Amino acid sequence: MLELSGYSQSRITIISYSDILETDLMKQNVFLQRYLLLGRDLTGEERTFKSIRINNLKKNRKLLLKRLNGLGASLKKIDYLRDGYVIEESPFSLGASFEYLLGHYTLQEASSQFPVEALGPRPGEAVLDMCAAPGIKTTQLAAHMENQGAVIAVDVDRSRLYALENNLERCGVENCVVYHSDVNELDFGEIRFDKVLLDAPCSGNYVIDGEWFEKRSLEDVERNAERQRGLLETAVGLLREGGVLSYTTCSLEPEEDELNVQWLLDNFDVELREIEGPGSRGLTEVFGEELDDDVGRSMRFWPDEMGTQGFFVAEAVKQ
Amino acid sequence: MRLLKRFLDGVGSSLNVDEDRLLRINNRRFTVGEDLDDFIFRWDNLVYAGKLLGKDRRLFHPSPALLQEVASEKGDLNRIHVDRETGWLFVCGRDIFEESILRKEGEFEEGSFSLVMLDGDCLGYGRVEMFQGRRILKNVFDIGDFLRRERWRS
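Residue numbers (the numbering used here), protein chains in the order written: chain W, 312 to 630; chain E, 61 to 214.
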């Protein structure tokens, strides 16, 4: 007979299916109540739209759009993104077309395209992508840099690095070096970077994961926030003076967003750069706690406002 | 390098690969631009750098990037041109019957290799073989490999 953690079978059967549902609903309500305290009346049912990013390392954009249009796909430009298009309609899977396999475009959610656009890496720069796998943003960095300069992509998870390598290969990236390592343990010697992208491992959000409320707890949020602070410290140490750190998460939880940015300001000689864009300003009051006004220079993508998944971006300049 | 050159000769390519910029990581061959020189410092953790040319096994297996570069060459390459329907069967791993080919360039004889082209893009390559008395292009590599790799890993 299966024994579970010292509980008798009769004890286990007391927990009914409706109890489990109730627990999940309670967890959902905890998060939704928190968002309400932050000023957003979210339903938990918000979903995003499908979008692509055209890869300017490959085919001529007009030609590609004409070709996709000719195949029956209806695409609409996203006005705040250089290369982003909403898929309004497509009679075929955009993740399995010749054009996708040839790297002419990539499937990338609209909000996740924004951090690299805001960071604006330029040809010739040295850019570190700290938690790079599966590499969608790595390919976006290379596209902005027109394959010139260097993108150093690091990730600790070897299995996810295979996807990154595939994406580099498919998208025609030629200016990237990839390391399999914990970025905190990689000795860069004297190397310092012009820009660092820290797309931090985070709690995610419910918009792209229908079971998110069931899986997540506030303890996860705290644990992730602590891990992110360790990565932020490493990121600042690897920037040159005047270099820019882009800190981004797909979490709506302020512990992983504004509160971590406040911690960054309190502990390092950095200034936040104003982010221009379509979302909401970063929060400067979180559950009754006042933050520096500068934290408002960061940006939030609320799902109900943007029609995208939740996203957060802050940019810090090292002094 | 010997296997790479053999592949290039096999498809009639005159592409020059700068040997000084070649980098080997396990059985994979890369070319690395000078911009990356300062950033290649930890060999034990290095998994990818620059442009992937392909893999050395018993034969050289070219990457899609190398195939596209070769296919873009002017000159007397072995190329066949196909429509989307035949091209899709090819990227699903199928072989191509001679009668499905829209246009041929260069050699198309038993034992020769040929690139498969769709609207200027290279979908892969194959070897000409005889099958039930008909000439076919036997699929050796195609870009559908990206999807197969993802499925295999997941």
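Just so you know, these hints were derived from the structure itself, not from any lab.
Here the structure is a predicted model, which is why all the values come from computation and not from measurement.
Wrong hints could be hidden among the right ones.
Below, simulated DSSO-like cross-link-like pairs (lysine-lysine); rule was C-alpha separation at most 27 Å, straight line [claimed, not checked]:
hint: 1; chain 1: W; residue 1: K369; chain 2: W; residue 2: K387
hint: 2; chain 1: W; residue 1: K370; chain 2: E; residue 2: K164
hint: 3; chain 1: W; residue 1: K377; chain 2: E; residue 2: K65
hint: 4; chain 1: W; residue 1: K338; chain 2: W; residue 2: K369
hint: 5; chain 1: W; residue 1: K370; chain 2: E; residue 2: K134
For the chain W half of the interface with chain E, some residues (derived, Cβ under 7 Å), not all of them [claimed, not checked]:
hint: 6; residue: L349
hint: 7; residue: L353
hint: 8; residue: T354
hint: 9; residue: A461
hint: 10; residue: R481
Computed spacing ranges between beta-carbons, pair by pair [claimed, not checked]:
hint: 11; chain 1: W; residue 1: D520; chain 2: E; residue 2: G153; range: 51 to 59 Å
hint: 12; chain 1: E; residue 1: I85; chain 2: W; residue 2: L336; range: 28 to 36 Å
hint: 13; chain 1: W; residue 1: D468; chain 2: E; residue 2: R117; range: 34 to 42 Å
hint: 14; chain 1: E; residue 1: K115; chain 2: W; residue 2: D468; range: 42 to 50 Å
hint: 15; chain 1: E; residue 1: K115; chain 2: W; residue 2: E399; range: 35 to 43 Å
hint: 16; chain 1: E; residue 1: D69; chain 2: W; residue 2: E537; range: 39 to 47 Å
hint: 17; chain 1: W; residue 1: L336; chain 2: E; residue 2: R118; range: 57 to 65 Å
Yeah, the Cβ is synthetic: ideal placement off N, Cα and C, and Gly gets one too.
Against the structure, the hints come out as follows:
Restraint check for K369 of chain W and K387 of chain W: satisfied, since their Cα atoms lie roughly 20 Å apart, inside the 27 Å limit. Between K370 of chain W and K164 of chain E the alpha-carbon distance is near 24 Å, which keeps this suggested pair within the 27 Å criterion. A hinted pair counts as satisfied when its Cα atoms are at most 27 Å apart, and K377 of chain W with K65 of chain E does not qualify at roughly 38 Å. As the CA atoms of K338 of chain W and K369 of chain W are separated by approximately 45 Å, the hinted pair breaks the 27 Å bound.
Between K370 of chain W and K134 of chain E, the direct Cα distance comes to roughly 19 Å. Compliance with the 27 Å bound is thereby established for this hinted pair. Below 7 Å, beta-carbon pairs count as interface contacts, and L349 of chain W has none with chain E, the closest being about 35 Å; its hint is therefore violated. Because the beta carbon of L353 of chain W sits about 31 Å from the nearest beta carbon in chain E, more than 7 Å, this interface hint is broken. Look at T354 of chain W: its Cβ only gets to about 31 Å from chain E, farther than 7 Å, so that hint breaks.
Hint status for A461 of chain W: holds, given a least beta-carbon distance of 5 Å to chain E, under 7 Å. Among the interface hints, the one on R481 of chain W holds; its C-beta lies about 5 Å from the nearest C-beta in chain E, closer than the 7 Å criterion. For the hinted restraint 51 to 59 Å between D520 of chain W and G153 of chain E, the CB-CB distance of approximately 33 Å leaves it violated. The hint said 28 to 36 Å for the Cβ distance between I85 of chain E and L336 of chain W, and at roughly 50 Å that hint is violated.
In this structure the hint that D468 of chain W and R117 of chain E lie 34 to 42 Å apart at CB is violated, the actual value being about 26 Å. Checked against the hint of 42 to 50 Å, the C-beta distance between K115 of chain E and D468 of chain W comes to roughly 23 Å, which is inconsistent with it. Between K115 of chain E and E399 of chain W the beta carbons are some 40 Å apart, a value that agrees with the proposed interval 35 to 43 Å. The hinted range of 39 to 47 Å is not satisfied by D69 of chain E and E537 of chain W, whose Cβ atoms lie roughly 57 Å apart.
A hinted range of 57 to 65 Å for the beta carbons of L336 of chain W and R118 of chain E is consistent with their spacing of about 59 Å.
Taken one by one, the earlier hints fail for this structure at numbers 3, 4, 6, 7, 8, 11, 12, 13, 14 and 16, listed in ascending order.
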